[in-house]
Structure formats: structure tokens, C-alpha cells
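With chain A's structure known, arrange chain B on it following the hints.
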Amino acid sequence: MKSSEKNSKSNRREFLRSGVALGTTVLAGSIGAGACSAPGAKASGEKVKVMTTDGKLAEIDPAHLHHLTHNRVSPEEARKGDPNREYVMVIDLAKCRNARKCVEECQRMHFLPPEDEWIKVYLMKDSEDTASYWFPKPCFHCNSPSCVNVCPVGATYKRLDGLVLIDNERCIGCKFCMAACPYSSRVFQWKEPVTNPEEDVAFSPETSVPHQMGTVGKCDFCPDMARMGKLPICVTACPNGVLYYGDKHEDAVTNGVETLRFSELIYQRAGYRYMEELGTNPSVYYLPPVNRLFHPETGFKNLSDEVKKRYEVARTKINKELNR
Amino acid sequence: MENNSKVSALLARFAPQMTRTTRLEKVLVTICGGTVLWGVYALYIQATKGHSVTGMRDNVVWGVYIVNFIFFIGISYAGALISGILYLLRVEWRKPIIRIAEIITVISTILGPLYILLCIGRLDRLHHLLLFGRIQSPITWDVIAITTYLIGSMIFLFLATVPDFAILRDSRNPMFGKWRRRFYRFFAIGYKDKENQRRFLRQGITIISIIIIPLAVLVHSVLSWIFGMTLRPGWHSTIFAPYFVVAAVFSGTGVLIIAMWAFRKFYHLEEYLQEKHFRYLGILLMVLGGLYGYFTFSEYLTGWYGSEKWELHLIYKLFDRKEFGSMFVYAAFIGVLVPILIVAIPKTRTINGITIASVIVITAMWVKRYIIIIPTLETPLLPMQESRMEYVSYSITWVEWALTFSGIAAFFLFFYFSSKFVPIIPVSELAESNAEDNNPES
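Line by line, the protein sequences give chains A and B. Residue numbering for the first sequence follows the working numbering, starting at 1 and increasing by one per position. Residue numbering for the second sequence follows the working numbering, starting at 1 and increasing by one per position.
Keep in mind that a hint or two might mislead.
Derived SDA-like pairs (lysine to any residue); straight-line CA-CA distance at most 20 Å [claimed, not checked]:
id: 1; chain 1: A; residue 1: K317; chain 2: B; residue 2: K322
id: 2; chain 1: A; residue 1: K317; chain 2: B; residue 2: M384
id: 3; chain 1: A; residue 1: K317; chain 2: B; residue 2: H313
id: 4; chain 1: A; residue 1: K125; chain 2: B; residue 2: E386
id: 5; chain 1: A; residue 1: K191; chain 2: B; residue 2: D124
id: 6; chain 1: A; residue 1: K320; chain 2: B; residue 2: H313
id: 7; chain 1: B; residue 1: K309; chain 2: A; residue 2: E321
id: 8; chain 1: A; residue 1: K191; chain 2: B; residue 2: S52
id: 9; chain 1: A; residue 1: K125; chain 2: B; residue 2: Q385
id: 10; chain 1: A; residue 1: K191; chain 2: B; residue 2: L117
id: 11; chain 1: A; residue 1: K309; chain 2: B; residue 2: M384
id: 12; chain 1: A; residue 1: K309; chain 2: B; residue 2: R388
id: 13; chain 1: B; residue 1: K322; chain 2: A; residue 2: V313
id: 14; chain 1: A; residue 1: K158; chain 2: A; residue 2: R170
id: 15; chain 1: A; residue 1: K191; chain 2: B; residue 2: C119
id: 16; chain 1: B; residue 1: K309; chain 2: A; residue 2: M275
id: 17; chain 1: A; residue 1: K320; chain 2: B; residue 2: M384
id: 18; chain 1: A; residue 1: K301; chain 2: B; residue 2: Q385
id: 19; chain 1: A; residue 1: K320; chain 2: B; residue 2: E311
id: 20; chain 1: A; residue 1: K309; chain 2: B; residue 2: L382
To be clear about the criterion: a stretch of chain A counts as covered by chain B if any three or more of its residues have a C-beta under 8 Å from a C-beta of chain B, and this derived list gives those stretches [claimed, not checked]:
id: 21; segment: 141-150
id: 22; segment: 306-315
Note that these hints are calculated values from the structure, not bench results. Yeah, the Cβ is synthetic: ideal placement off N, Cα and C, and Gly gets one too.
Bound-form chain A, shown alone:
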């Protein structure tokens, strides 16, 4: 099992190298591969093994590989960020039905194993007589971030554009940031990462890949996508337009379909920030689940057994705790 895994890994790496040699699209010296088909590509008859994000091995034609490009900038630039922007996210709880596309696409983009979720969807119920709702939670990129305060080496830092990123080359893995983050946004690399097709490429805090064992990872708001003028992958992945991303200075947020004035949206829909009382000043705003599009029960449909069980356990636990 182990050797076959290794084999597939080296195959994949070989493929990547030959891909570079063949002059496959290389943007800013970076390359990544994800297993999904590119329309209009000619089949070459060869097969390569790739590992999908759910840990399965698949044999596909190299021509059908679609290259995910990660735009890399200099380490200095990755620490500074764009001084003219202040990124914000708005999450419309009225539209979320736990489709989990944000989670899956984020995992694919960042080569995360299925158990590591940088954006999580929680089943929430605040008190006995209030309604339950689905609560997608990325990193809040706080303006007074506890994690940044406690980091002993400045591996996690706050940028001028409001993003909180991690330099995995500097991180010593003390996990103090994980203890300090009140929102459980951080994930540790407990083992040698298995799905890491980009391991030959230099790490950048803007792409958060390749992962390194013994360091901390989390949602980065995809700043490399922003540099290409694209939205974070979770925003584009959401089938219901739940997530809006934008710039506070421009006063505009978009979910890819509609672009709205940020201040107006917050005003009209009574937007709020989660656990304001902690004083962390998040950059993520929530719109309360008013006039919802879906019944919360919809969220239990079309889930894998494992995920479904997770939420069923959560539901019983919530009811038990509220009845205490």
C-alpha cells in the first residue's frame, strides 16, 4: 500500500516535470495539477495516476488534466499585501443549505485531505426556542487577531489588506495560535502531508501550499486568486451565492453573480459579526437567516454517510445541551 502510494506520488511529480518541459501553461513560475477534465483537449493515449482529494487513486489521460495555477509573489510582497485594499467577506445565512461545495472546492484548491477543512459548515442552534441554521465559517481574518498576538516568531501575521496569513517556512509549530484562536479556525499538519502535488514548488503564504508537517494551516482568503482578479474558490464554488467577497474601501462585495454595495447590504440586512463581544474585530460579516430559501433540514440531504452522521450527532448534542 505504502509503496504504491509512493509510486503514484513520484509518477505525479514526473508528470509535473514533463508538463513543465512540454511548455504547459506556467504562470509566474508556478504549477499545480488537479484531476478534472479540460474541455477540448485531445487524448494522447497515455495514462497517469493521480490522487483525488478524497484519497483515491485514479488513472486518467494527461491531456484531461486541468492545471490549477497558483500565482506566486515574492516573500516580501506576500508579507505586505495591497495597502489600497481591505478585504471583507459577507455570508448570507438565509441562503445556505449546507451544499458543502465551498468545503470541497477549498480542499481541492489547497490539496487538503478530506478531513482537513479550512472552511467549515456548522449546524447551529443558539437556544431552545430559536431556529437552527447552517453556519459556514472561514477564517475571520480579524483586525485584532489573537493568533497574531501570541505567535512567538511572527509566522502568522496581519497584512495591510486585512488578511491574516501564515508563513509555513517560519512556523515552529508551537500551536499557541490554535489555542488562542477563539473560532477554531486553525488546522495542524499532524502527519506528513499525503496529497501535495506541488511539493517541488516553493512555498508562498499567499497559496498556503505545499503543506509542511508540524506547521499550522488555515483559510487564507485565496490572495493569489485576488491577484489574478478572481474570487476566493469558496465564493465561486457556492451554488447558492451564499458567500460575498470584496473590498471595504471600494464598498463593494460580490458573490460572482451580483455585486452589491457592502455598507448598504449590511444596513438593509442587519449584518453582524460573530461573537462581537470577544473584541477580535472579524473581517467576516453575517446576514441573519431571515426569509430563508431552504428549510434547515434540506442540509441533511445529499451528504456522505460520514458527514451526515457528524451532523446528526451534532443535532442530538445541541438538543441535549439546550435542555440541560
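Chain B alone, transformed into the frame defined by chain A:
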């Protein structure tokens, strides 16, 4: 000097213990050495396979290693208390026990931080603490405080031992080999017990004993702030620093009593480590127990009465018999009330009784550190919606047990080997003190 005959008598008394090895000692050293080797093997496993071999996961990011870290730094208070405070107060009865106390301090301050290293994912990047160090981080405070404390305690132990090194150097004891004499000559740094040397040494010790007290308080305060500075139920508390300090002195005194009991028993030091020493320290233990109990009561009463959502979640976990209930009862009730009762009742206020009380105290203090760390980490503000059970609740793996026990074994070994190089009872101090000091009712 009139002390000379006394010194040689004392030396004749201690030299055999320092040079001879009994069969019991050999057995104990083998057991401890084996345990340390087991820990080394566990360390190898952890270093090669990563932290996934421990029980630590994304929610419970720190486990039993941090518990051991706090525990060892806690017992290091034995030295700071006895040698610092009692030295300044010129308490005569402290003399036979100061060396034991100071050795405890140095060993546990060396061992404690090793546990912090076990929690760090990338030890190969430890130098980043110097390259990119940030003074804003409580970890940096800790690094600075503990290093200073360790250096201070080592200087203290060394200065207080210099007269003994000089005595050992000058002794004509045939049992001392050549290398041993060289060792003593080196560490005696030319001390000849002249009037001005003695004055300098005394001044040095006084200065260090003044410095060591605030330093010790600071070390445990800073340690508590690693937790206190986070926004988590059970940790984000203003009394955490004094609470940790009191718990540390409490457990430090307990370890000191146990060490005294062991040396008294195995080295037959009944005439030096008398019942009064146990009694005085026992009363100190009782007072500290009261203080610790008061802090505990105040901390949990405030959390429970105010009943904020998260505090209450945590407190219910601590009260729940299926979760941390029995540990809570042991750490908060048995570990406080039973030792107090043992010392308070004259009938049980014996050497063995007080030692049993101390064993209860230090085990309870270890459990207390466990229920400070683990339940809070298992109570994040956002619910844990996980299918991986090991991410929801922490359990100690064999690797962590191995490294825990090997730390304790290393403590014993260090202690044992130190007792082979210096008399565990300070000979020079005893020779100086007058006859009334050996009178049990002084």
C-alpha cells in the same frame, strides 16, 4: 578552627554514601535508566512519525506534555521557597534541607522546559525564536523568564555549595579518587574559608536569594499567562497568575518532603532530617493547602455563579462523573482536605503521615494541571462537529506516557547522581551552626 573536628566527623559520615553503591541503589538506577531509555525510544517514534503518535489533535492542541511542564516548573518552587525565603528570614532549621531543595529546583527547571519542546512541531526551527522573536508573545516571556530563573537557581546552588566543595577538596579521605579530587578542586574556585571570602560569598548568596524570589513568582505567573491571555473558558481568568504561584509552592513543598523522606530512609540521615523538619514543612504545607483551596473555591464559584455559557459548559464537564468528575474531586477536594487533616490531627502528624500527605498533594497537583489544560481545550467556543472521536476528546497515548515516566525517572537519576558528588546535607552549614540547632526543641 574549632569547626575542624566537626567537619571531619561530618565528612566521615557522608563519604561512604558518596562513594559506595548499594545493591538497592543499583536496582533503582537500572529501573530508572530503563524508563529513560523507553522514553528515548518514544521520542524517536515521535520524531520520525510526527505528532500524530500523540493524543494531541486540532482541538486539544496541547496534552500531557504541557501538564508535565507546569508540574515540573511547579515543583521547582521547593528551592525558591526554602532557600530564598527561609534564607532571608535566617530560619535556622532550614540548614539541613537547603541543598535538597536547591537540587530539586535546578533539576526540575531543566526537565520542565524539555516538555515544551515535545509540543513543538518543528524543532529544527527552534532558532527562529531568536531570529524572529517577538516580545509580544507570552512564549517569549516564558523563554526569557525560565532561562533567567534556571541560571539564577544554578548560581544559587553553586554558591551555596562552594564551601562544601572546598571541604571535600581539603579532605584526606582515601575513598575519593583522583578525578573526584580534580572535580572538587575545580568547583571550589580557590575558596579557603578566609574572612573576606566568606563575606563575599555570603553577600552573593543574599543577593541571589533576594533576586530568586520575584523571579520564581514571575516564572509561574508568565507560565499561567500562556493560558490566561487566550479567550478561552477556564483560562481567561485574572486570578490565574497567583493561583499558579500558590499551586506551585504547594506542590514544591510536597516534593521537598518526599525527597527528605527518601534520603532520610536510604542514607540513614535521621539525626539531620529530624521530625521537626517534617513538622515545620508539614505546617507550611497545610497553610499552602488552605490558600490553594481558597483560590480553587473562588475560581469555580465565580465561574459557576456568573454562569456564562462557556464557563458553565466547562464546569459541567468538570462536575460530570463521566468526564472529569473524579479528577475534579481528587484535585479540588481530596488533594486539599486530606493533607490538611493529616497535618492538623496530632496523631497523624508524623514523618510518615506528612509524607503520605505530600504524595497526595503532588499527585493532586498533577491532576489539577490536567483538568486545567484538557477540559478547556475540549470546550472550544464553536461546537466540535467532528466524526473523528480522537479530535473530540483527548486520551494519552503510550508515547506520551513513556515520555512522562521517563521525565520522572530522569528526575530521580539526576537527584541520585548529584547526591554522589556533594553531600546531600550541607556539611559547612552544619559545622557552623551551634549545638542548639541539633536540639529537637529549638
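Query raised in the report: Would the pair K158(A) and R170(A) pass a check requiring their Cα atoms to be no farther apart than 20 Å?
Result: With Cα atoms ~15 Å apart, K158(A) and R170(A) stay inside 20 Å; holds.
Query raised in the report: Given the proposed pairing of K320(A) with M384(B), does the C-alpha separation stay at or below 20 Å?
Result: 15 Å, holds
Query raised in the report: Holds or violated: K191(A) with C119(B), Cα cutoff 20 Å?
Result: At roughly 14 Å apart (the allowed maximum being 20 Å), C119(B) and K191(A) satisfy the hint.
Query raised in the report: Does M275(A) lie within 20 Å of K309(B) when you go C-alpha to C-alpha?
Result: 13 Å, holds
Query raised in the report: Can the restraint linking K309(A) and R388(B) be considered satisfied, given a maximum Cα separation of 20 Å?
Result: Holds: K309(A) and R388(B) sit about 11 Å apart, inside 20 Å.
Report task. Starting from K309(B), check that the Cα of E321(A) is at most 20 Å away, please. Result -> 11 Å, holds
Query raised in the report: Are the Cα positions of K301(A) and Q385(B) separated by 20 Å at most?
Result: Between K301(A) and Q385(B) the Cα gap is close to 17 Å, so the pair holds against 20 Å.
Report task. Take a quick look at whether K309(A) and M384(B) sit within 20 Å of each other, Cα to Cα. Result -> Distance ~13 Å between K309(A) and M384(B) Cα, so the pair holds.
Query raised in the report: Does the segment 141-150 of chain A contain three or more residues whose Cβ lies closer than 8 Å to a Cβ of chain B?
Result: It holds, with 3 qualifying residues against the three required.
Report task. Would you check the hint for K317(A) and M384(B), treating anything up to 20 Å between C-alpha atoms as holding? Result -> 10 Å, holds
Query raised in the report: Holds or violated: are the alpha carbons of K309(A) and L382(B) at most 20 Å from each other?
Result: 18 Å, holds
Query raised in the report: Are the Cα positions of K322(B) and V313(A) separated by 20 Å at most?
Result: Holds. K322(B) to V313(A) sits at ~18 Å (cutoff 20 Å).
Taken one by one, the earlier hints all hold for this structure without exception.
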